[in-house]
Amino acid sequence: MIGFISYLVNGISLGSVYAIIALGYTMVYGIAKMLNFAHGDVIMIGAFVVFSTVSGAGLPPVIGVLISVVACTLLGMAIERIAYKPLRKASKLAVLITAIGVSYFLQNVALLIYGANTKSFTSVVTIEPLTLADGALVISGETIVTVAACIIIMIGLMTFMKYSKSGRAMLAVSEDSGAAQLMGVNVNSTIALTFAIGSALAAIAGVLLCSSYPSLTPYTGSMPGIKAFVAAVFGGIGSIPGAFIGGILLGVIEILGKAYVSSQLADAIVFAVLIIVLLVKPTGLLGKQIQEKV
Amino acid sequence: MKKALSLLLVGAMTLSLAACGNSSSDSAETDSAATEESTTTEASDSEGSGEAVFKIGGIGPITGGTAIYGTAVQNGIQIAVDEINAAGGINGYQINYDFQDDEGDSEKAINAYNTLKDWGMQVLVGTVTSAPCIAVAEETHNDNMFQITPSGTAVECVQYENTLRMCFSDPTQGTESAKYIGENGMATKVAVIYDSSDVYSTGIYEAFAAEAANQPFEIVSVEAFTADSKTDFSVQVQKSKEAGADLLFMPFYYTEASLVLAECDKQGYEPVFFGCDGMDGILGVENFDVALAEGLTFLAPFVAKSEDEMVQNFVTKYEEAYGETPNQFAADAYDSVYVVKAAIEAAGATPDMSASDLCDAMVGAMPSVTYDGVTGKSITWTDGEPNKAPLVVQVVNGEYTEL
Amino acid sequence: MNGMKTKTHNLSRTTKSNIITYGIVVAAYIIVEIFLRAGMVSSLLEGLLVPLCMYVILAVSLNLTVGISGELSLGHAGFMCVGAFSSAFFSRCMEEMIPAAGIRFTLAILIGTVFAALFGILIGVPVLRLKGDYLAIVTLAFGEIIKNVVNVIYLGRDSRGFHISTKDSISLGLEQGGDVIIKGPQGITGTPNDSTFLIGVVLILITLFIVINLINSRTGRAIMAIRDNRIAAESIGINVTKYKLLAFSVSAALAGTAGVLYAHNLSTLQAQPKNFGYNMSITILVFVVLGGIGNIRGSMIAAVVLTLLPELLRGLNDYRMLIYAVILIATMIFTSSPGGQEIQERIKLFFERKKTKEA
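Protein chains in written order, with my numbering: chain A, 3 to 296; chain B, 10 to 412; chain C, 108 to 466.
If you are wondering where the hints come from, they were derived from the structure by calculation, not from laboratory data.
Accuracy of the hints is not assured; some may be wrong.
Unchecked claim - In silico SDA-like pairs for lysine to any residue, Cα to Cα no more than 25 Å straight-line:
no.: 1; chain 1: B; residue 1: Lys239; chain 2: A; residue 2: Tyr9
no.: 2; chain 1: A; residue 1: Lys290; chain 2: A; residue 2: Val140
no.: 3; chain 1: A; residue 1: Lys35; chain 2: C; residue 2: Thr390
no.: 4; chain 1: A; residue 1: Lys87; chain 2: C; residue 2: Gly447
no.: 5; chain 1: C; residue 1: Lys238; chain 2: A; residue 2: Glu177
no.: 6; chain 1: B; residue 1: Lys64; chain 2: C; residue 2: Tyr426
no.: 7; chain 1: B; residue 1: Lys326; chain 2: C; residue 2: Thr390
no.: 8; chain 1: A; residue 1: Lys35; chain 2: C; residue 2: Asp425
no.: 9; chain 1: C; residue 1: Lys238; chain 2: A; residue 2: Val187
no.: 10; chain 1: C; residue 1: Lys274; chain 2: B; residue 2: Pro180
no.: 11; chain 1: A; residue 1: Lys87; chain 2: C; residue 2: Ile389
no.: 12; chain 1: A; residue 1: Lys35; chain 2: C; residue 2: Asn336
no.: 13; chain 1: B; residue 1: Lys239; chain 2: A; residue 2: Phe6
no.: 14; chain 1: C; residue 1: Lys238; chain 2: A; residue 2: Ala274
no.: 15; chain 1: A; residue 1: Lys283; chain 2: A; residue 2: Ile255
no.: 16; chain 1: A; residue 1: Lys283; chain 2: C; residue 2: Leu229
no.: 17; chain 1: B; residue 1: Lys64; chain 2: B; residue 2: Lys250
no.: 18; chain 1: B; residue 1: Lys250; chain 2: A; residue 2: Leu134
no.: 19; chain 1: B; residue 1: Lys239; chain 2: A; residue 2: Ala151
no.: 20; chain 1: A; residue 1: Lys290; chain 2: C; residue 2: Ile338
no.: 21; chain 1: C; residue 1: Lys238; chain 2: A; residue 2: Val282
no.: 22; chain 1: C; residue 1: Lys238; chain 2: C; residue 2: Glu341
no.: 23; chain 1: C; residue 1: Lys349; chain 2: A; residue 2: Ile277
no.: 24; chain 1: C; residue 1: Lys455; chain 2: A; residue 2: Ile277
no.: 25; chain 1: C; residue 1: Lys238; chain 2: A; residue 2: Gly180
no.: 26; chain 1: C; residue 1: Lys238; chain 2: A; residue 2: Ser176
Stated by the list, open to error - To give an idea of the chain A side of the interface with chain B (calculated C-beta under 7 Å), a few residues:
no.: 27; residue: Asn119
no.: 28; residue: Thr120
no.: 29; residue: Ser122
no.: 30; residue: Lys167
no.: 31; residue: Asn188
no.: 32; residue: Tyr215
no.: 33; residue: Pro216
no.: 34; residue: Ser217
no.: 35; residue: Met225
no.: 36; residue: Ala261
no.: 37; residue: Tyr262
no.: 38; residue: Gln266
no.: 39; residue: Ala268
Glycine is no exception: its CB is placed at the ideal position from the N, C-alpha and C atoms.
Please model the complete structure; the sequences and the hints are all you need to start from.
What follows is the structure, encoded as structure tokens:
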């Protein structure tokens with residue numbers, strides 16, 4: 003029993019990281035209607051910035067994380083401005099390929115700057131682990147912080163979308179960007195803001211990911227990125243609570259699948275569950291069902 | 010508009026075809042121009058005076074997920090080549106060296122091999138990872154080119170006469186590890202975590218499991234991970250812990266090992282850690298908390314802290330040039346070049362020989378070669394496998410120590 | 108009368124365009140063959156010939172799904188994997204029984220293609236109910252599942268027949284002299300190298316023949332009608348599921364053919380993220396998008412150029428993949444953004460003016 007709870011806790015911890023990444027994915031998808039494949043690599047850049055500033059330059063972790071958030075925000079906006087904005091009216095596929103190009107670009111820039119060697123990431127979390135049930139169950143500080151951060155970010159985002167002016171502009175653009183523009187919403191700056199928020203989230207995700215799993219290479223972001231993409235689709239892409247639920251579920255399924263079915267087939271299990279869910283609910287758990295009109 | 014684009018693309022294609030097809034000497038010239046920058050001035054001097062040189066090629070991943078290993082090999086070869094050139098070359102001839110990226114992929118490795126062939130490669134040191142190595146060995150076998158792989162551990166890497174390796178094979182490592190654990194009574198219950206998507210890791214695990222049947226310990230838990238899910242090790246570690254294993258066998262590379270060790274620490278699990286030669290380098294992981302690796306034991310061909318004069322010379326030069334301690338990949342690569350040198354000298358070969366003649370001469374001379382290097386002393390080769398005994402290395406007080 | 112005239116005119120234009128497409132392939136073959144005979148082709152290019160054929164087939168076949176049928180598939184490499192493994196398994200088993208390489212390889216191609224087609228139908232039936240990005244992610248998921256499952260299969264043969272395990276080769280319990288054919292992550296080694304440039308070119312021509320005829324047939328028009336307006340197509344009685352599935356499985360089958368070429372070009376075959384993961388699917392998608400969605404000739408050319416590009420950039424060493432990424436982004440912006448298109452228009456105008464001047 004304790005074993006099961008322990009797996010569950012680990013699953014929620016991993017799932018929270020996926021969820022934070024998926025939140026960034028889903029926001030960008032909802033507003034700009036594009037799959038930003040480079041999101042995973044922004045995470046990696048965010049982690050490297052913290053690595054350089056905290057482990058390299060010896061700054062306090064809080065400052066390092068702040069610098070990383072600022073750097074990633076700027077990076078996200080720059081990517082949007084240079085690579086995606088000219089393609090606003092182009093086909094979805096053209097944008098997708100460009101995003102892949104950006105992803106290769108970021109990986110190779112990191113490879114040139116930091117080299118291929120693995121870096122060990124010092125956790126920025128200093129909270130003591132929680133020991134329950136006479137030491138049979140240990141919940142690490144990273145887990146606590148990750149889960150808390152994930153919930154705070156989700157609630158914050160939902161409040162922002164609902165009550166702030168820019169948030170409502172985002173909702174309007176995601177609903178119908180043409181009509182939003184006619185109503186006086188500046189679509190371009192709204193999309194830029196979305197990228198800024200998405201990338202800031204990526205920086206936080208990067209720090210938390212590498213704090214829990216302390217290994218950092220130029221390719222660290224790509225697989226969690228894809229998994230988070232799966233999580234976003236799982237929950238219904240474009241939906242903020244959907245991304246949260248999708249992320250958590252994906253993490254739990256991955257861990258429980260590894261623990262109780264087969265550790266060799268963990269990836270296959272995750273993807274199989276995704277396929278089953280989508281076949282039953284074709285737009286994900288919380289996705290909007292759009293009726294086609296003639 | 011599409012027409013204009015396709016015209017543009019057709020133009021680019023014809024240009025590229027022309028560039029490829031025109032003449033191979035053309036591209037070889039530009040290639041060697043590029044390598045001149047990376048090799049030492051001696052090499053370019055000798056080429057300037059029109060003297061013949063031995064052309065040694067290297068292949069390995071320097072981009073992509075396995076780039077760490079390829080970069081180490083690339084650097085290791087470079088140190089050896091520079092040393093040999095500075096000391097007057099092989100049989101009085103300088104070495105020219107070019108290294109090509111294969112991204113750890115078989116198909117790209119063949120492209121890299123062909124690029125090197127166009128450049129005029131006579132001897133191949135590579136490739137770094139097993140799968141591409143098997144694919145390239147098929148080509149070198151067809152072309153009859155001498156190939157020594159510093160780190161291709163799969164059995165099939167050296168199935169042909171013209172191929173040999175510098176490292177241990179997977180079965181050797183698995184069997185030796187099981188024997189060592191059994192003979193030294195290190196454990197009664199053993200847990201294994203391995204990478205089920207990796208040839209090296211599965212190869213060692215299989216041999217280990219086979220030998221374990223003859224040893225006085227029991228394998229109580231076997232868990233796998235894959236290249237796509239090597240972030241989270243909580244389940245594998247917890248399973249090993251629950252099975253009550255007092256020794257954790259880790260046949261994989263140090264990148265993942267650093268994560269497993271951190272996870273064990275997180276879960277408060279303290280078994281004896283036992284690894285394979287892929288563990289060498291774990292203390293060099295930037296920013297790694299070496300206390301986590303305390304007591305880690307593994308079989309390796311090489312210890313950077315060894316007092317051996319050759320090792321010290323190599324380690325010092327490597328640290329000076331690249332700012333990090335060399336691992337076994339670099340060491341095996343360094344030795345590989347010297348083995349090539351020894352074989353050429355034993356055969357009395359000259360650079361004007363064709364790659365095929367050179368290969369025949371070197372293969373013919375190999376039985377008489379006994380090599381002393383940084384990864385072992387008086388090494389001889391049978392069927393391409395080096396006869397060298399693994400060293401047992403333990404991490405003590407944050408340093409590799411030979412047991 | 109007038110209408111008929113334009114119709115025949117249109118028809119001859121498509122035929123002409125198709126002949127040009129076949130012509131390009133044949134001409135490229137002849138030119139390369141002449142250079143080969145003259146010994147003027149570098150080893151690099153010689154080694155790239157079969158992979159180039161393979162990528163062209165992949166690009167053309169994916170264009171059928173993405174361009175003609177309008178479904179974004181990110182699992183194309185999965186079908187390639189099925190074709191590669193089924194055919195390599197066959198060739199390994201039959202190497203002694205059928206020593207004639209020609210017959211064996213023909214059979215291998217058929218087997219790889221048929222298996223990939225079967226998987227195409229099996230996966231297509233559930234997947235094609237989804238739309239857009241959901242379809243994309245499910246195809247990606249299937250591709251990853253295929254890769255993951257292939258990696259844990261151990262299959263051996265001894266005098267008692269075949270043995271299969273998902274654990275390791277020891278648990279196969281083979282007799283002495285038994286042969287492990289599929290060895291988990293190490294896959295299949297020792298597949299005969301039967302792929303040649305000529306076979307590759309013939310397969311390209313067959314692929315083109317199938318795809319072009321399909322597009323220009325009644326079926327093809329139905330498929331495109333569904334792509335352009337599903338509801339309208341449905342309302343005039345087109346069986347949407349049937350036609351979508353047809354396009355999807357033909358595309359999968361052809362990817363399987365490319366997989367056969369891949370498997371018989373290298374002596375090792377592994378299912379790794381690099382060759383059969385989503386990265387490969389994306390690489391093929393890049394060919395299709397860059398060549399022009401729905402443009403068969405464009406896919407071919409883009410496949411060739413983008414495969415050669417990283418090889419030609421080898422001289423740049425460490426900066427190679429970086430430059431490749433920059434070229435990718437720049438090309439997309441140049442071809443698809445309003446600004447880029449304006450420049451293209453200007454270039455076109457410039458040349459046209461020149462032409463009229465000369466005339």
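Here's how the hints hold up against the structure:
1. B/Lys239 x A/Tyr9: holds (17 Å)
2. A/Lys290 x A/Val140: Violated, because 39 Å separates the two Cα atoms, which is more than 25 Å.
3. A/Lys35 x C/Thr390: Given pair A/Lys35, C/Thr390 holds - Cα atoms ~22 Å apart, limit 25 Å.
4. A/Lys87 x C/Gly447: holds (12 Å)
5. C/Lys238 x A/Glu177: holds (19 Å)
6. B/Lys64 x C/Tyr426: holds (24 Å)
7. B/Lys326 x C/Thr390: violated (41 Å)
8. A/Lys35 x C/Asp425: Not satisfied, since the Cα-Cα distance of roughly 34 Å exceeds 25 Å.
9. C/Lys238 x A/Val187: Violated: C/Lys238 and A/Val187 sit about 30 Å apart, past 25 Å.
10. C/Lys274 x B/Pro180: holds (17 Å)
11. A/Lys87 x C/Ile389: holds (22 Å)
12. A/Lys35 x C/Asn336: Satisfied, since the Cα-Cα distance of roughly 21 Å is no more than 25 Å.
13. B/Lys239 x A/Phe6: Given pair B/Lys239, A/Phe6 holds - Cα atoms ~21 Å apart, limit 25 Å.
14. C/Lys238 x A/Ala274: holds (18 Å)
15. A/Lys283 x A/Ile255: holds (18 Å)
16. A/Lys283 x C/Leu229: Roughly 19 Å between the alpha carbons, so the hint for A/Lys283 and C/Leu229 holds.
17. B/Lys64 x B/Lys250: violated (52 Å)
18. B/Lys250 x A/Leu134: holds (17 Å)
19. B/Lys239 x A/Ala151: holds (23 Å)
20. A/Lys290 x C/Ile338: Distance of about 20 Å is within 25 Å: holds.
21. C/Lys238 x A/Val282: Holds - the C-alpha atoms of A/Val282 and C/Lys238 are around 13 Å apart, at most 25 Å.
22. C/Lys238 x C/Glu341: holds (16 Å)
23. C/Lys349 x A/Ile277: Holds: C/Lys349 and A/Ile277 sit about 21 Å apart, inside 25 Å.
24. C/Lys455 x A/Ile277: Violated: C/Lys455 and A/Ile277 sit about 47 Å apart, past 25 Å.
25. C/Lys238 x A/Gly180: holds (23 Å)
26. C/Lys238 x A/Ser176: holds (19 Å)
27. Asn119: It holds, given that the least Cβ distance between A/Asn119 and chain B is near 6 Å, below 7 Å.
28. Thr120: For A/Thr120, the interface hint holds, since the closest Cβ of chain B sits about 4 Å away, which is under 7 Å.
29. Ser122: Interface hint status for A/Ser122: holds (4 Å vs cutoff 7 Å).
30. Lys167: Violated, about 39 Å.
31. Asn188: Check failed: Cβ of A/Asn188 comes no nearer than 31 Å to chain B, outside 7 Å.
32. Tyr215: The hint holds - A/Tyr215 has a Cβ within 7 Å of chain B, the shortest such distance being about 5 Å.
33. Pro216: Holds - the Cβ of A/Pro216 comes within 7 Å of chain B, reaching about 5 Å at its closest.
34. Ser217: holds (5 Å)
35. Met225: Holds. Min distance 6 Å.
36. Ala261: Nearest chain B Cβ about 5 Å off; hint holds.
37. Tyr262: Hint on A/Tyr262: violated, closest Cβ of chain B at ~9 Å, above 7 Å.
38. Gln266: holds (4 Å)
39. Ala268: holds (5 Å)
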